[in-house]
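There are 2 protein chains.
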Amino acid sequence: MENEKDLNERDLAKEAEEKSALSEEEILSQEETAEAEPETDELSEAREKIASLESQVEESESKLLRVQADFENYKRRARMDAESAQKYRAQNLISEILPALDNFDRALKVEASDEQTKSILQGMEMVHRQLVQALKSEGVEEIETVGKTFDPHLHQAVMQGEEEGFEPNTVIEEFQKGYKLKDRVIRPSMVKVSQ
Amino acid sequence: MENEKDLNERDLAKEAEEKSALSEEEILSQEETAEAEPETDELSEAREKIASLESQVEESESKLLRVQADFENYKRRARMDAESAQKYRAQNLISEILPALDNFDRALKVEASDEQTKSILQGMEMVHRQLVQALKSEGVEEIETVGKTFDPHLHQAVMQGEEEGFEPNTVIEEFQKGYKLKDRVIRPSMVKVSQ
Chain A
1 MENEKDLNER
11 DLAKEAEEKS
21 ALSEEEILSQ
31 EETAEAEPET
41 DELSEAREKI
51 ASLESQVEES
61 ESKLLRVQAD
71 FENYKRRARM
81 DAESAQKYRA
91 QNLISEILPA
101 LDNFDRALKV
111 EASDEQTKSI
121 LQGMEMVHRQ
131 LVQALKSEGV
141 EEIETVGKTF
151 DPHLHQAVMQ
161 GEEEGFEPNT
171 VIEEFQKGYK
181 LKDRVIRPSM
191 VKVSQ
Chain B
196 MENEKDLNER
206 DLAKEAEEKS
216 ALSEEEILSQ
226 EETAEAEPET
236 DELSEAREKI
246 ASLESQVEES
256 ESKLLRVQAD
266 FENYKRRARM
276 DAESAQKYRA
286 QNLISEILPA
296 LDNFDRALKV
306 EASDEQTKSI
316 LQGMEMVHRQ
326 LVQALKSEGV
336 EEIETVGKTF
346 DPHLHQAVMQ
356 GEEEGFEPNT
366 VIEEFQKGYK
376 LKDRVIRPSM
386 VKVSQ
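Respectively, the protein sequence lines represent chains A and B.
Here this note's numbering is used: the first residue of the first sequence is 1, the next is one more, and so on.
Here this note's numbering is used: the first residue of the second sequence is 196, the next is one more, and so on.
Next comes chain A alone, as it looks inside the complex (with noise of 0.2 Å):
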């Protein structure tokens, strides 16, 4: 092809006009340029086929890493739930046990008249610590009350009051237990508050 344009030099201005307006087609359309010249095609080719491929590989390595950091934000996720699931896991049984030790500890209050109710009671005193010493067990803890500084969050107020000895805004009197599975309040103690 180059020897028939070296030979036909008459034509040469013609050709040249011919291939700068082909050049200018060849932006337009790369399928016009195709037929003309193969072999470029097939190299313009291969290179439209490496950046397709590379924007490939850019675009199923970038959906791996996502899909990897995915993976480990669920499995992060996923063991803060077990542990938390894990950290209170008896909180509903307790809930549900407090009332029968509220009426334990109640039941408990009798003075005993005879030497039967006596012995009843100390058997009954006996369940009653190994039940507390199960929750407890388990992470229960009673709030602290009489002395302490009234806490909104430990301590439901539910009368206030005047005690000789004791700071405003103090703990006078538990009306009823308040109960901690370690650091969560299952049920904030009922007390008298000094003002």
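Worth double-checking, as some hints may not be accurate.
Pulled from the structure, derived: some chain A residues nowhere near chain B, Cβ distances all over 12 Å [claimed, not checked]:
(1) K148
(2) G161
(3) T170
(4) E174
Facing chain B, according to a computed beta carbon distance under 7 Å, are these residues of chain A, among others [what the hints assert, rightly or not]:
(5) A46
(6) A51
(7) V57
(8) K63
(9) A85
(10) F104
(11) T117
Hints listed in this document are in silico derivations from the structure and should not be mistaken for laboratory results.
Nothing here was measured: the structure is a model prediction, and the numbers come from that model.
Here a beta-carbon is modelled for each residue, glycine too, at the ideal position from N, C-alpha and C.
Add chain B to chain A, keeping to what the hints say.
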């Protein structure tokens, strides 16, 4: 995401066809133009590049599929673990409470000799019922014993004996209550079994 993948796969297949069509031309054109064309080097480099990129795409896509599959497996396992942890969440506290409940059962067997004792026992029976109810609401059940066929999963035989009116291998007496938490035996009951 699945659709995207399907589309990509379809594109890949189409591209593969185009490529193999091209390859036939390539074989012919390479023979004809091998020495004439300086692009051949570039082109063969480009082809190597394409092959390497294609294997990269394949590799990172199969890696993506593996990670996605791992992720799904992990999610499923985490869900199952969470369900199981949730189902038996109170098991530890229940196991701690059972000895207290045993003593409670024993303490309530006293024969009341006077009014005060009777009244105290009534109060304690109420507390006991509340406690049993709290455990029940968490899924705790007493294991049935007397009259049931002996089942080594549920019953621990500590004695054997004869008893009129009982089939062989039947529980004839209960020494200590056993408990299940949902479908899991927390403690088998201690029983006497007929020979």
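Results of checking the hints against the structure:
With a minimum CB-CB distance of about 27 Å to chain B, A/K148 clears the 12 Å threshold, and the non-interface call stands. The beta carbon of A/G161 is kept farther than 12 Å from every beta carbon of chain B, the shortest such distance being approximately 30 Å. A/T170, annotated as away from the interface, keeps every beta carbon of chain B farther than 12 Å; the closest lies near 32 Å. Chain B leaves A/E174 outside its interface by the beta-carbon criterion, the shortest separation being 20 Å against a cut-off of 12 Å.
Nearest Cβ of chain B to the Cβ of A/A46: about 4 Å, under the 7 Å cut. The hint holds. Against a cut-off of 7 Å between C-beta atoms, the interface hint on A/A51 is violated, since the closest Cβ of chain B lies about 10 Å away. Interface restraint check for A/V57: the shortest CB-CB distance to chain B comes to about 5 Å, inside 7 Å, so the restraint holds. A hinted interface residue such as A/K63 counts as satisfied when its beta carbon comes closer than 7 Å to some beta carbon of chain B; here the least separation is about 6 Å, so the hint holds.
This hint holds: A/A85 has a C-beta 6 Å from the nearest C-beta of chain B, less than the 7 Å allowed. Interface restraint check: A/F104 against chain B, minimum CB-CB distance 5 Å, threshold 7 Å, status holds. About 5 Å separates the beta-carbon of A/T117 from the nearest beta-carbon of chain B, less than 7 Å, and the hint is met.
Violated hint for the displayed structure: number 6, the only one.
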